[in-house]
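Residue numbers (the working numbering), protein chains in the order written: chain A, 1 to 553; chain B, 1 to 553.
Worth flagging that the hints you see were computed from the coordinates, not collected in a lab. Do not rely on the hints blindly, as some may be mistaken.
What the hints assert, rightly or not - As a list, the in silico DSBU-like pairs of lysine-lysine whose alpha-carbon atoms are at most 35 Å apart:
1. A:LYS209 x A:LYS129
2. A:LYS478 x B:LYS495
3. B:LYS2 x A:LYS478
4. B:LYS457 x A:LYS495
5. B:LYS506 x A:LYS495
6. B:LYS457 x A:LYS126
7. B:LYS495 x A:LYS495
Chain by chain, the residues:
Protein chains: 2
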Amino acid sequence: MKQTLIEYVISRLNLLGITNIFGVPGDYSFPINGAICEDKRFRWIGTCNELNASYAAGGYARIKGLAALCTTQGVGELSAINGIAGAYSEYLPIFHLVGMQPSTTWKSHVYMHHTLGTEEHDVFFKMSKYVYCAQAILTPENCISEMERLIGAALYNWRPVYIGIPKDYASSMIQENVSITKNNTMYIKSDSSSAVRAVVTAIVEVVQKAKTVCILPGILISRLGLYDTALALLNRSGLVFASTPMDKGVLDEMHPSYIGMYFGHYGDPEVYSFVESCNCILNLGVMMTEINTGRFTSKLDFSKVIDIMHHHVRIGSSIFQGVEMKYVLQELAKHLSPRCTNVKTLDVRDLGLPKGSPDDPIKVEYLYPRLAQFFKPADTIIVDVGTSFLPLIYARLPARATFHNSSLWASIGWATPAAFGASLANSEQRRTILITGDGAHQMSVQEISQFPSHRLKPIIFVLNNGGYLIERIIGGSKIDTCNDVASWDYHELPKAFGCSDWFTAKVTTCGELDQAMRIIERCETGAYIEIVTGREFAAFMSEFYRLSIQMLH
Amino acid sequence: MKQTLIEYVISRLNLLGITNIFGVPGDYSFPINGAICEDKRFRWIGTCNELNASYAAGGYARIKGLAALCTTQGVGELSAINGIAGAYSEYLPIFHLVGMQPSTTWKSHVYMHHTLGTEEHDVFFKMSKYVYCAQAILTPENCISEMERLIGAALYNWRPVYIGIPKDYASSMIQENVSITKNNTMYIKSDSSSAVRAVVTAIVEVVQKAKTVCILPGILISRLGLYDTALALLNRSGLVFASTPMDKGVLDEMHPSYIGMYFGHYGDPEVYSFVESCNCILNLGVMMTEINTGRFTSKLDFSKVIDIMHHHVRIGSSIFQGVEMKYVLQELAKHLSPRCTNVKTLDVRDLGLPKGSPDDPIKVEYLYPRLAQFFKPADTIIVDVGTSFLPLIYARLPARATFHNSSLWASIGWATPAAFGASLANSEQRRTILITGDGAHQMSVQEISQFPSHRLKPIIFVLNNGGYLIERIIGGSKIDTCNDVASWDYHELPKAFGCSDWFTAKVTTCGELDQAMRIIERCETGAYIEIVTGREFAAFMSEFYRLSIQMLH
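Chain A with its partners taken away, still in its complex shape:
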């Protein structure tokens, strides 16, 4: 069948399950925008700007696995690049369609719009190579093979790819007629072959010999859709697991094998002692980042850690390259012997009951336990970078609830658009709950206006404490004036942004927050709660961090 380049490209993406494409239109992308609008298999998901589109696509990919984004050359792609870098660092494969200036203008000594006023048409392509795992500029001749290369790279690396499409080429006919397989596993290089079996045998040997073993499950389990596999491994082996902050909620925190948060000196000291005392730690993809290690306060003996990573396994000083996490976990689930002796009777500690009376101002001791109480099974909880993230780590999640944060890339403002993307990806039965600070929310606030067009009903809590609270705490008084943000009436924004039927409230006391939460339980619309805590919250928070370990219940 004869088709245009862009028809081919989006059809190929559709075979991967892509149906929603986030973005902002632009004249160099018109043929892409047009093809998407005309093809009934797709929905165009417009956002207010491209950075927010990339965040939203990332939020969507957290739920659905893959996402797609479309922007124009230069202005659009560079606006999105921070979100793409975040997707790269935190394993979110985004197919980024970039509408480029026509190839006819590349060598014609003319200064097109969306350029630096030079003749270099590929300068942005060059700039962005670090934050995509693969890139191509498509032509009618190369588009089939290049698309296979890009898809292969995205699915192998689970990271964004750059699909540059010159405007004139987009509408050009391509001649080839190939049959395309739907089998994406072709991109995974190893299978349950002898290499995997050998590695698994080695792991099993270490585990069986170890007196105490603990599993640390990482986000890759969730990203790669290995939840069931990891659960089978847990259930069969009887091994316990602890969570690291970036990876919180990857496995069900109500599972009997869950022992709590492992977070260096910031976490539960009993969990800390137990994990570090284990003879063997099975690390299922956890990245040893600054946050995951409690700012390097965790002191794991890496000779006792077995790293089962995306494409390799490390046991001691031996590294087995090219063995895929997916197959290693599948084999491990079959071959680990059941054991009960390992189950340490650690009570999972959480935030306990909210402390405060109805007329009290909202302090941390009330707020975070109350939020934790509010969570329900299967909730999708999205927490922006900042002060809220740390206390909420200690909230024990209800069954099947998931917790999304961005503690490696840590770009504040990420969560509001990400919540939109996640909400769009979620089934109607799951609530999407966004918890964000005022400073973060100000970055990308306009994206709340996207929910109504898609009849989505998020629950949004905005902490109004007058600035970048986390930075007040860690930066000290010297930079205090830099940490002020503009004074907004947050609860009035949803109406102005077209979320006219939402339940909105501004709450300043514990009783008001309770009342608002009770209304949300019954209401059929989106909800947006401005929680005013004032600046003194900073002092409470500092204290909270200092005492966080003692506060755990």
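Here the structure of chain A is known, so what remains is to put chain B in place on it, guided by the hints.
Positioned in the frame of chain A, the structure of chain B alone reads:
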């Protein structure tokens, strides 16, 4: 005097006249933020996000010449990079201070936050090299010489520079004690030397021989502070000038030598014929971009054009490198003989009187002439990329009014934060008027909340026509659904964003718009007018473009 690296750096910037630093704080930038907050010579100008900070810094630089920006590594600098690229393409020197992760973490195999989860600390530095004219990562040892190199590059190229400052180095003491000159002209390589005189002699010879001569003044005149020089040249020579769209308002449109807009087939045909018929065209820095050439419909014979550019002059096929526009214009103003014969009696045509009755809906024939009538001498008019830009090109500006657009980089959403930056730079006597479409405004709307903290009183007109109108017009119906934007109650936003004393109105008829404009004339606060035109405006606009030439009065 012993001082820290960051104390040195900001003191050095202060010698250039930098007093306001735009940005968003971040933990890697804390020492920079702290030094700025503690130094009474500076004001920290916070914005809601980094892209908007870069736009605001650009707006500020349009008025003041130079600007400074501070963001954190990775998340911050990449968010700002689109605005930096725009500043690069449109000649706005921004000193960008980037707070980097401590040098102690560079080789320690740890994954810090705001990284891609790799050990490469300089990946963002490498990515961004294309959009800065110079970059450095400062150390206590190199900071003095590197700062001189960066300042030299910024002032020579009139483009952004990247000043990377590792967190630990920022607070390190530097030993050297150098006396720093305030004389920035040291960065301009040529002066009124023999080279300049030779070039000017050659130009004068061509001009004197030519029967008809026309000047095209470019934005560099404004950027480089050469307004008075160019005016002297005009006044002495008696030569006429026409404006190109990107460069509109660089010289006073009420000057008797002004003949109108030269904009290829989109402009006044009389101006077009006259300019293209001239024996000599003195191009003072105009870039022959897609927009400036009326999408390549202008047909200048380049053998008749003398290009007086930033660092070179072209006469015919001869290029004189290393002669500075500044000195060439100064010399030219002295040596061009006065002539009157050249003055072509072209009446400058403008948008004429608004057409419509008070109860009529707001059509293009009413709106743009009415906006033009509203403009006053010395207004700073900032028009976002999109539909409004083109008709407003034909508005004849009152004396000393300036007109700012971004027709080369053309990043929609630019104007709202740029208006904040420009307003901050403006004296209180000058009004700052922002005219933006809804699609562009949605990109960066939150920045209106910055005006009140600085007691600024902008006048903002937002055209609510339900989407990306310019794209509906040029993209056609195929992409129409992509061009919808979320439905907002724009006039309710200022209150929610803390602009509580502003005059706000939503107008749908010519009479209502008139009434709102009359109130603005008297009011002492900021003003925000939502002008509802509906989608049918698109049809009018298309017609307007088609008929634009006939419509000129």
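To see whether the hints hold, each was checked on the structure:
1. In summary, the hint linking LYS209 (chain A) to LYS129 (chain A) is not supported, as the alpha carbons are separated by about 45 Å, beyond the 35 Å threshold.
2. Taken as a hint, the LYS478 (chain A) and LYS495 (chain B) pair is honoured in the structure, with Cα atoms around 31 Å apart against an allowance of 35 Å.
3. Between LYS2 (chain B) and LYS478 (chain A) the alpha-carbon distance is near 20 Å, which keeps this suggested pair within the 35 Å criterion.
4. Taken as a hint, the LYS457 (chain B) and LYS495 (chain A) pair is honoured in the structure, with Cα atoms around 25 Å apart against an allowance of 35 Å.
5. With a CA separation close to 16 Å, the supplied pair LYS506 (chain B) and LYS495 (chain A) stays within the 35 Å bound.
6. About 42 Å separates the Cα atoms of LYS457 (chain B) and LYS126 (chain A), which puts this hinted pair outside 35 Å; it is violated.
7. About 12 Å separates the Cα atoms of LYS495 (chain B) and LYS495 (chain A), which keeps this hinted pair within 35 Å; it holds.
The earlier numbered hints that this structure contradicts are 1, 6.
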